[in-house]
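Top to bottom, those sequences are chains E and F.
The opening position of the first sequence corresponds to residue -17 in our numbering, with each subsequent residue numbered one higher.
The opening position of the second sequence corresponds to residue -17 in our numbering, with each subsequent residue numbered one higher.
Read the hints as simulated data drawn from the structure, not as lab findings.
Treat the hints with caution; some may be incorrect.
The calculated DSSO-like cross-link candidates involving lysine-lysine, where the alpha carbons are at most 27 Å apart (straight line), are [stated by the list, open to error]:
(1) F/K293 with F/K240
(2) F/K240 with E/K323
(3) F/K367 with E/K240
(4) F/K341 with E/K48
Bear in mind that the values here come from a model prediction, so they are computed numbers and not experimental data.
Number of protein chains: 2
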Amino acid sequence: MKDGENEHMTIQTHKAIPLPLTEARTLLPQQNLRVPGPSPVPPTVAEAQRGPMLNHRGPEFAAIVKRVTLRLQYFFQTASPVLTYPASGTGGLESAVVNVFSPGDHVVALIIGNFGARIAKIAETYGLRVTRIEFPWGQAAEPAMVEARLKELEEPYRAVMMTHNETSTGVTNDIQALASVVRRLSPEALVIVDAVSSLSSIPLEMDQWDLDVVVTGSQKGWMIPPGMTMIAASERAWEAHKDAKLPRFYFDWTSARKSLEKWQQPATPAVSLFYALDAALELMLQEGREAIFERHARAGEYVRSRAQQMKLKLLADPRYASNTVTALLIPEGIQVKSLLKTLREQDHIVLAGGQDQMKEKIFRIGHLGFFSHEELVQTMDALEKRLQQLARKAHP
Amino acid sequence: MKDGENEHMTIQTHKAIPLPLTEARTLLPQQNLRVPGPSPVPPTVAEAQRGPMLNHRGPEFAAIVKRVTLRLQYFFQTASPVLTYPASGTGGLESAVVNVFSPGDHVVALIIGNFGARIAKIAETYGLRVTRIEFPWGQAAEPAMVEARLKELEEPYRAVMMTHNETSTGVTNDIQALASVVRRLSPEALVIVDAVSSLSSIPLEMDQWDLDVVVTGSQKGWMIPPGMTMIAASERAWEAHKDAKLPRFYFDWTSARKSLEKWQQPATPAVSLFYALDAALELMLQEGREAIFERHARAGEYVRSRAQQMKLKLLADPRYASNTVTALLIPEGIQVKSLLKTLREQDHIVLAGGQDQMKEKIFRIGHLGFFSHEELVQTMDALEKRLQQLARKAHP
Chain E
-17 MKDGENEHMT IQTHKAIPLP LTEARTLLPQ QNLRVPGPSP VPPTVAEAQR GPMLNHRGPE
43 FAAIVKRVTL RLQYFFQTAS PVLTYPASGT GGLESAVVNV FSPGDHVVAL IIGNFGARIA
103 KIAETYGLRV TRIEFPWGQA AEPAMVEARL KELEEPYRAV MMTHNETSTG VTNDIQALAS
163 VVRRLSPEAL VIVDAVSSLS SIPLEMDQWD LDVVVTGSQK GWMIPPGMTM IAASERAWEA
223 HKDAKLPRFY FDWTSARKSL EKWQQPATPA VSLFYALDAA LELMLQEGRE AIFERHARAG
283 EYVRSRAQQM KLKLLADPRY ASNTVTALLI PEGIQVKSLL KTLREQDHIV LAGGQDQMKE
343 KIFRIGHLGF FSHEELVQTM DALEKRLQQL ARKAHP
Chain F
-17 MKDGENEHMT IQTHKAIPLP LTEARTLLPQ QNLRVPGPSP VPPTVAEAQR GPMLNHRGPE
43 FAAIVKRVTL RLQYFFQTAS PVLTYPASGT GGLESAVVNV FSPGDHVVAL IIGNFGARIA
103 KIAETYGLRV TRIEFPWGQA AEPAMVEARL KELEEPYRAV MMTHNETSTG VTNDIQALAS
163 VVRRLSPEAL VIVDAVSSLS SIPLEMDQWD LDVVVTGSQK GWMIPPGMTM IAASERAWEA
223 HKDAKLPRFY FDWTSARKSL EKWQQPATPA VSLFYALDAA LELMLQEGRE AIFERHARAG
283 EYVRSRAQQM KLKLLADPRY ASNTVTALLI PEGIQVKSLL KTLREQDHIV LAGGQDQMKE
343 KIFRIGHLGF FSHEELVQTM DALEKRLQQL ARKAHP
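Sequences are here, hints too, so could you generate the full structure?
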């Protein structure tokens, strides 16, 4: 549920069981998909999904789960097991909350945008007491300010939850610095990181930085379709899990870990997404972890420099601008909706609008996972042209 | 988590971040996959997954969600909206529990096998008080016995949870009769049905039979890979939802329904599985709902008649034998594990073993979703041959 959409919905049902639509499926459009997830899927990864189904308790699938898990550990940069669930990233965030806390626990949420607000809301839904440290949209959680605010807190806190890359604003927090602030002030507190739109694209060293829970989602830097979330927890988080009393069944880590010891999952895993992830990880290893980071850094720089040339304003504080998604203020007199519609219909380029308080104010360009430099050039060229056209319409 | 696996697991981590396995992906085996899910995927459905990613908030995806939803309603035989989540069937069952109940609510679970036990366990995990009405594995929940047991209950109950088709025993409950017993005794109680391994393969008329919550999973009769669960709730269940206090965020129905009014989902949907489901529903409409039921009925009859000729004993009471999965007792002197291994390695036929109390005692044959008569013939021929060979080894 998005912020500000809390009013109780009207429940309407059909009068009768609908007849199936006779309208047949149509071809999906070939687009330059530049939203911050779902991101495009490479041809060999798309192809891998076609693999025949198999027994998810059998030896062939166990070999795949083993290979995928060890490779995920390499990209999470952790010695801890990486659990996976058929679920979106939001499901992964929920699993982080319900597996390490008990009702009434006090936690701190660093909020720099929509997704930081989401995990705070999940925590409150499950009966935690949440202290929010909020920053204006476009800003990062400044480590010095976070330190000052944490020191002011009268009550101890069990965890600090933070977003690595805030998809709604195009801002990347300095997780290493933030984690080290938390560790210094409160050695036992858990550092819980939403890395949905960063992990594998932007450097994150789970063990080296002493992070406790890291959550990501399949449809971002991993170059596979949505539907799978991946989660790793530190020894400290597994200790907290032992005493965590929040109710959980589907997302229970104990049963997931127990199954993982046999390279299985407690419920039926998303087999075709595993095939895709297996193929994607192979491509990622061929490209190299550091090379992927560099490609994203170059993409971020290119998009920002082109935006600057067009006199577009970044929403993000430039020191923290994200290398996976760029949020730009819409020039006065132009409607976000018109810009996105024109680009989609005329140029087959799909950008994203803003969320919540930024709905009509920004548009966002995704540059994560599978993309070529040419696609970014095409995107920025078309953007330049359409903005000029729309500006002429607005001020003829 | 399975029954009897409650002891606390040992937490072991790697000593260091593992290096990625260099071992490359190998070709997946072409098998006659006869487990009761994941079931084989038709070529056009497998192909559909390759469709390009798109903006899950855009018009192209909305058209797909609309078409899929209306067609799901046709197969659920309901005028209520059908919600979907990226999750396994277990996630769907959890969503049923957390959306209609409050802590301490009293519910009745009719248990005829492993999956009936699972939903009871989910309910207990979330703090419900569960009265179990259990039947021996292989039996159905006899409506007359259920009626007598419900009448004995001193305390009112908010719901009766039941399994349509118990995958662990190959038994199909008479849901229509059971629902009518509940409705007669306790007009306000919710009838919650796990239809994971039945819906679309075995007749179920949600509205006509006055069922309140029906849950199914993608990897069974729907002929698509695992990773999506589909759920419909009656007006009565939506009313209960309004007052239901159990915590939920990812699986919250209010936000799912609100998004569905725009043909969207609250979190990112499993886009490629939607493509697959869209293609599968097209095939299913071409075949026809009743024709699909008849094909499954013929399959069940064929497998049972061949088993009888081989002097194999059905686990199921024959009056309630399932048309999607057949559970057979393993003949004395033969190990389930040896039989399954021989069939898999020699014949490329994959059957399933038993679960929990039936682990070493039965094996199961899946005949649901996408299969041909020839594959069933091949399965039963190979089974006959391998059982004879193994029997000769056991009694030379």
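Find the hints from earlier in the document that the structure breaks and name them by number, from lowest to highest. 1 and 3
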